[in-house]
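K.L.:
Keeping their order, the protein sequence lines are chains S and X.
According to UniProt numbering, the stretch in the first sequence is residues 1 to 141, in order.
According to UniProt numbering, the stretch in the second sequence is residues 1 to 862, in order.
Heads up, a few of these hints could be off.
What the hints assert, rightly or not - Part of the chain S face toward chain X, derived, beta carbon under 7 Å: (1) I23; (2) C24; (3) Q25; (4) V35; (5) H50; (6) M67; (7) I68; (8) L73; (9) G75; (10) E98.
As the list claims (entries may be wrong) - Below, computed lysine-lysine pairings styled on DSBU-like, alpha-carbon distance capped at 30 Å: (11) K89(S) / K682(X); (12) K11(X) / K462(X); (13) K462(X) / K480(X); (14) K335(X) / K480(X); (15) K89(S) / K570(X); (16) K121(X) / K335(X); (17) K605(X) / K89(S); (18) K475(X) / K337(X).
If you're looking for bench data, these hints aren't it; they were derived computationally from the structure.
All residues carry an ideal CB built from backbone N, CA and C; glycine is no exception.
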Amino acid sequence: MITTSSTSPLDRPIEHVTEWVPICQVREVPHERGVAALVQGVQIAIFRTHDDAFFAVQQHDPFCGAMIISRSLVGTRNGRPCVTSPMYKQVFDLETGECLDAGDQTPVALRTWPVRVLGHELSIGIVASVTNDTVTGGRSR
Amino acid sequence: MTTSAPMAPKKLLIVGGGMVARRLVDAMRDRDSVGVWQITVLAEEPRAPYDRVALTTYFSGRSPEDLALGDQSVWEDHVVSLRRGVAARHVDRDARLVRGSDGHDYPYDAMVLATGSYAAKPPVPGNDLHGAFVYRTIDDVAELRQFVEDLRTRNPRRAPRGVVVGGGLLGLEAAGALNALAVETTVVEFADRLMPLQVDTGGGAALHRLITGLGVSVRTSTATAKVLGERGRVAGMQFADGEQVRADVVVFATGVRPRDDLARSADLGVGERGGVLVDSRCRTNDPAVWAIGEVACIDGRCWGIVAPGYAMAEVVADNLLGGDSTFPGADTATKLKLLGVDVASFGDAMSTDPNCLEVVVSDPVAGVYKKLVLSDDARTLLGGIFVGDASAYAGLRPMLGRPLPSDPVGYLAPASSGSVADLDLPDEAPVCSCNNVCAGTVRAAVSERHCTDVAAVKACTKAGTSCGSCLPLVKSLVSKELAKAGIELSTALCEHFALSRSELFDAVRVTELRTFTQIIERHGTGGRGCAICRPVIASILASLYNEHILGADRGTLQDTNDFAMANLQKDGSYSVVPRIPGGEITPEGLIAIGEVAQRFGLYTKITGGQRIDLFGARIDQLPEIWRLLIDAGFESGHAYGKSLRTVKSCVGSTWCRFGVQDSVALAIGLELRYRGLRSPHKLKLGVSGCARECAEARGKDVGIIATEQGWNLYVGGNGGFTPRHAQLFAEDLETPDLIRTIDRFLMFYVRTADRLQRTAAWIEEYDGGLEALRSVVLDDSLGIGADLDAAMARHVDSYQDEWAAALDDPQTLARFTSFVNAPQAHDESLAYVAERGQARPARPDERTSAVLIAGTTLGVRP
Numbered sequence: 001m002i003t004t005s006s007t008s009p010l011d012r013p014i015e016h017v018t019e020w021v022p023i024c025q026v027r028e029v030p031h032e033r034g035v036a037a038l039v040q041g042v043q044i045a046i047f048r049t050h051d052d053a054f055f056a057v058q059q060h061d062p063f064c065g066a067m068i069i070s071r072s073l074v075g076t077r078n079g080r081p082c083v084t085s086p087m088y089k090q091v092f093d094l095e096t097g098e099c100l101d102a103g104d105q106t107p108v109a110l111r112t113w114p115v116r117v118l119g120h121e122l123s124i125g126i127v128a129s130v131t132n133d134t135v136t137g138g139r140s141r
Numbered sequence: 001m002t003t004s005a006p007m008a009p010k011k012l013l014i015v016g017g018g019m020v021a022r023r024l025v026d027a028m029r030d031r032d033s034v035g036v037w038q039i040t041v042l043a044e045e046p047r048a049p050y051d052r053v054a055l056t057t058y059f060s061g062r063s064p065e066d067l068a069l070g071d072q073s074v075w076e077d078h079v080v081s082l083r084r085g086v087a088a089r090h091v092d093r094d095a096r097l098v099r100g101s102d103g104h105d106y107p108y109d110a111m112v113l114a115t116g117s118y119a120a121k122p123p124v125p126g127n128d129l130h131g132a133f134v135y136r137t138i139d140d141v142a143e144l145r146q147f148v149e150d151l152r153t154r155n156p157r158r159a160p161r162g163v164v165v166g167g168g169l170l171g172l173e174a175a176g177a178l179n180a181l182a183v184e185t186t187v188v189e190f191a192d193r194l195m196p197l198q199v200d201t202g203g204g205a206a207l208h209r210l211i212t213g214l215g216v217s218v219r220t221s222t223a224t225a226k227v228l229g230e231r232g233r234v235a236g237m238q239f240a241d242g243e244q245v246r247a248d249v250v251v252f253a254t255g256v257r258p259r260d261d262l263a264r265s266a267d268l269g270v271g272e273r274g275g276v277l278v279d280s281r282c283r284t285n286d287p288a289v290w291a292i293g294e295v296a297c298i299d300g301r302c303w304g305i306v307a308p309g310y311a312m313a314e315v316v317a318d319n320l321l322g323g324d325s326t327f328p329g330a331d332t333a334t335k336l337k338l339l340g341v342d343v344a345s346f347g348d349a350m351s352t353d354p355n356c357l358e359v360v361v362s363d364p365v366a367g368v369y370k371k372l373v374l375s376d377d378a379r380t381l382l383g384g385i386f387v388g389d390a391s392a393y394a395g396l397r398p399m400l401g402r403p404l405p406s407d408p409v410g411y412l413a414p415a416s417s418g419s420v421a422d423l424d425l426p427d428e429a430p431v432c433s434c435n436n437v438c439a440g441t442v443r444a445a446v447s448e449r450h451c452t453d454v455a456a457v458k459a460c461t462k463a464g465t466s467c468g469s470c471l472p473l474v475k476s477l478v479s480k481e482l483a484k485a486g487i488e489l490s491t492a493l494c495e496h497f498a499l500s501r502s503e504l505f506d507a508v509r510v511t512e513l514r515t516f517t518q519i520i521e522r523h524g525t526g527g528r529g530c531a532i533c534r535p536v537i538a539s540i541l542a543s544l545y546n547e548h549i550l551g552a553d554r555g556t557l558q559d560t561n562d563f564a565m566a567n568l569q570k571d572g573s574y575s576v577v578p579r580i581p582g583g584e585i586t587p588e589g590l591i592a593i594g595e596v597a598q599r600f601g602l603y604t605k606i607t608g609g610q611r612i613d614l615f616g617a618r619i620d621q622l623p624e625i626w627r628l629l630i631d632a633g634f635e636s637g638h639a640y641g642k643s644l645r646t647v648k649s650c651v652g653s654t655w656c657r658f659g660v661q662d663s664v665a666l667a668i669g670l671e672l673r674y675r676g677l678r679s680p681h682k683l684k685l686g687v688s689g690c691a692r693e694c695a696e697a698r699g700k701d702v703g704i705i706a707t708e709q710g711w712n713l714y715v716g717g718n719g720g721f722t723p724r725h726a727q728l729f730a731e732d733l734e735t736p737d738l739i740r741t742i743d744r745f746l747m748f749y750v751r752t753a754d755r756l757q758r759t760a761a762w763i764e765e766y767d768g769g770l771e772a773l774r775s776v777v778l779d780d781s782l783g784i785g786a787d788l789d790a791a792m793a794r795h796v797d798s799y800q801d802e803w804a805a806a807l808d809d810p811q812t813l814a815r816f817t818s819f820v821n822a823p824q825a826h827d828e829s830l831a832y833v834a835e836r837g838q839a840r841p842a843r844p845d846e847r848t849s850a851v852l853i854a855g856t857t858l859g860v861r862p
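The following block holds chain X by itself, in its conformation from the complex:
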């Protein structure tokens, strides 16, 4: 008999599957490690909670999965159950049951309403015409996108025209989305300026100029009268003054209303203007029911931004677990990039304090407007607005309500003179408002919890893991704290080089040194290198000069795969991969590979890169194998190198009923162009002949997808430990432009990435991210385009097949000897057994008992 039964877990039912619901799940799982609460989430949308704030990025090529919030493994947690596509229909508070749209009853001990808001269409005539949209969910956005694409198909000669009703935050997001879809866009705002809630008249004027400059028309102080229609479709817009504009699509972004219908039908208290009434602990008038996020009416109002919702989620999690925390008040600070324009505001941005002072810098030429609101003694920071350049925001926002250490004008100066590092933030100053992390916590992560880089601090404190706007500040705090502890943020490659890989690349390029000895003597810190720096230098020399990897002293730098020009397997044998460009191979080629495999008893397997891997070759067999392969017309596939591997393709328009471009020809062309290109990590490309994407190009470092007009280019995808989808880089490129863009992208990556840093991580860490890379690669903002082009041209011109060259060089061939004193003998420790008709390495227990098919005697161990 057991002495006491474990307590049954209590049931927490979260109604709603948005960002705030996700935050509540995280907050519960962080604190409730033993699983006192069993959590069920009813999500009306057919997907896990996603980043609604980043919805517009859906238009720059991100897929719904890319918008997923946080670590998705939380949904596999045994105490968390996510019901996708299930809405709550009815609440029985007496029985503590919620009836779901799937017909199930969900019992609860505590229920949290996190149903959010809905986008309201203003009651103007015509708001239900085909082509009138709201902007709230992934589905809204996907429908809008489809609608615009259909418009283009219906009338390819004219750009579609769109009107966005509402010039607030959401309206400008929607305008950005339409702009990205190449729709001629007009934004209509009732107030006298754009973003009236966030910026003042001066900021509104600056924003107006900047946005008009991007080709978006803006009409302020304008009321809409009706949507004009033709045959049930949107045809235009009429304003209160009688004026009309033509439009094919209308997006309403006039505000949101709390979705409190469930609470109303359950007789829970609601606010005058909607929203579920809650106390400072987010509890409704039923102690078992709570409300958080946009649906909650707290202190008499609802909050339509995510930060207060996150704070409420934390409050509820704390209270459910026996705490007594209360809502700390809403942080309304906002920082956004709208249509590429930085906008930020915080604190008393509108200068409502009658005694306050304003310091304003307005520069219409540079397109910036900055304002600080200060107390009457001009010392304490009360708020601020930034339009056009918000670089000072991250550092200043935590100083809200505190005295500024120096002349406020200094913080409004352009560029870095007002940089975040100049401020000595007090420990209690908030740094990350999404996750409520203060400066002291970030410092302690370094000084007490021994984090030595930003990534570790992010993992340890969660600072900067939501919207990321505070990351510059976190970075500055971390490096200052590390410096205080006498630690510099080390980018040193290893004990032999104080330089990072990219620094070493530049040093080697500039000094034109060609041997390891010269390089380590000139740039090293002493010693003769190691398994980290030697291969890096080999890779740098190969990227710069493309000479044979085993020539001069370069053989001493190659890790075993490059040294043997084959892939080391677990038993010490190697595998061999001939190049099969684009995955296209003749029957004769297949037979030749088959014959080689038969002759040497090699295990064969098709790789993920559309080629054939031959396993089980001894090092002394490699030259003979390659002689046969080269005679049959093959060349090295560089499967052993940190270099271009394959360009995967679908069969494309040559055969496929749906293909719109010849993906195979392009893939072969690219593979032959970049073959042998050494890089910080392996590189994979893919080409799909239509949007069906059968080549899985978006899982590649460089992915190309055919369009009717040309090619769309995606970058930064990979499989592996942390899979990533490639992001859209450029659209509808013609082939020569496409190739030049890939040339520059790859060469820039080769030059500037860290050791073993794949393209996705490189893009993420590149200062300014994908946008900044676009300006380097597409607009040549650094003025290095011609240099990158020339470097790639050198690579292409100097390519030679490494294996063919090795077979012609007796000195290189000597390296493939089994034993220096017994070249006829071979490694007898290799032993194989048959499985499914092929050889595989024998397991230790099989070496003595099983029937070995090769290596008939065991090697003698020392």
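Just chain S, same shape as in the assembly:
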């Protein structure tokens, strides 16, 4: 199973990825839950939805500062896959990182990374530098 094709226009074009970092086996990411990964010193939250789509967003919760996004509940809002921060319940779009519900705060988006699944192996795409803020997100099926 090679699944790197993009279906969404929001997906970052694949050629910008400079390196795919292998993270884990697909079975290590449970359905509708997240895991945390440490990629070149950066904490990343990886999620798998009900329909086996994988997403990677920052582990750092921009509202409270703690490294907890991987412990979010997974669900949908108006059909779009999203997660709800366990700390103060802000809702983020998994695909774009957009903050869909910031409560009474100013919305802050999560950074996203492209995810690739090759066979049973899941990798995160590094784009030039993981601290480059211009990178937007991706989705892998």
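The hints should help you fit chain X onto chain S, whose structure is shown.
P.N.:
What follows is chain X alone, placed relative to chain S:
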């Protein structure tokens, strides 16, 4: 230099601290937002104004604080000063000064007399014997209660006997109070029927039957001659016809007299039969002095009910602030529940209009009497009486003086066929007479001020916030108005479920679906759930089947606390709380917890629930911590769950000099019985070993207080944002009965409450309130008692320690990994500093400068 000094506030002195005084304070504060008037209230009683109308509920377990009226924060308002326990002694009208019983002089620009009434004892011999009471204040009621309790101690083998003199509203309230204290009660009334001012002969007969049926004896057309005494105490009662009855206690409820002595000594005009004379603006013959409430004599008479007093308070507030409103006339409509019997009357209840017509339904078998008084063309409603079933009252009263839209007999039919929703009230029809709110105002709250539920309408209009008798009508108006706007009163859980939590609970129970996917596909509206519905379904499944919360697909439903089986703290670390049932712990247990805390550098604190919280554990440390705790004999405390937390106890009769029952043993038994029970919100219980209540059980969802005979059960207490005292649910239960009652109460709550609705709010919103819940739980009125018992038995039998089970399951343990690709690394963003000898999370400014005691390097941010 300032150009102009702000005007000094004017001084309003309110003499009296009753319900009407409170209303005046509210009315002033509502309208006088800038504080033109500085308000001082002299209250003779040592407490803030309370709900005298609800005095009898003091006997069903409510405390004086529960009777407090309205929002108590008004007394903290900087322009309001309440002087508790200060009576006015003397008025100097020339100097505009009132001398208080505390020796202070209180100056005023305007004074409002709201001194109310006193309960008069008829001048019969023996009315001052020990055991002769009146029924007016909290102190009267507390003394009466104490007296009856002492009677029982003096002679435990015989129920005390009581006589209430007066069969009016107050008399029946007093009879209800004595009845609640298990006193054999006789009501004596001079007139030919009970409540002669409110009901006619037919209504009186129905009331007589209903009240006799409750075990209260009634004697009408009877005059009292004297109270018989023995050694200074009440021993009986002799009537005018010479007949005698034995009695240990006598309560006089023969009427009230206005407390106008202050006005008399200040040379203010008083009425022939007492009361301070006022004009239609409630002003006395001194333009700086006003009188309102029961002490005011307006249009030649005094009013002994609260609604006209409230109207007068509004009139005075308006006039003090430059308005010119006048007293609109008294609304004498009354609706009460006396001894559990509904009684209501309004308008020309006695059919005094010579041309009027009466429509009467009298059914002695069902115990109801209903009468409508109509104009001679049988169209316009002039008044009515309801005894036994007053459900039509709320809808009909606003129609007073208006033509009824359909056949009047229809409104007297039983049950809901004459329900309030069938009437299209005109906008100007009064809905809430306590707060003078008309139908149009309620409608506008929905249509113009965007209120979408009854609670919002109550807050916005004040309708239904005093006596609450109009709430069914308000509810009906609100839902009709919302429907008109195309909005249904939505009880939907979230975008994924159109059902409310209790509906979803029933749906899941009936369809026996066990996974989230099955449930959302069958009962949902599309999508894959969210942080609202997922935990609700997790809770429902746990309540129904009590399987491991992380088993099957249930792990995907748990919010982070349940998922980690620990409590998330602000820095992303967790806290751990082992169960310590009843707060009882061995020295070995304490040492084991201490050793775990030392080993992992955890901050420790004693919780409010008599156990120990260990803070600062990383998610990957939790299994190791729990392995040690379980080896030391501990189990999960479920501090992370919407579930039973703790059963707090005092040390009870085992050690305490005053304890009458073993509260610790009961608390441990209850905590072990209900541990792990998932519920709509957290649940806390408390057990006190005597009436001193050291376990603060009345602050709990379920509170148990030991008595000499057994246990008293209280329900619906909580701390939190809106603290509530639990209310008495059942008395003197033996332990097995107590446990069955709690089983049913908790299981019924688990099944029917809304998401995150605590027991207090659930009881309040349950149709029929605490009374209705009593009949479900104690009398099994819904026939579900056996089902609830079986559900609780299943829970108790299937309990397992979640943490012990998790440690035995490698798949569950894998969830406590720090990083899926680096399980040996851990979150280096966690940083701690020392404070008072323990660790605490470092503040942002300390992360770079302070001495960190853990997490020595900073995490790298993306």
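K.L.:
Which of the stated hints cannot be reconciled with the structure, identified by number in ascending sequence?
P.N.:
Violated hints: 3, 10; rest satisfied.
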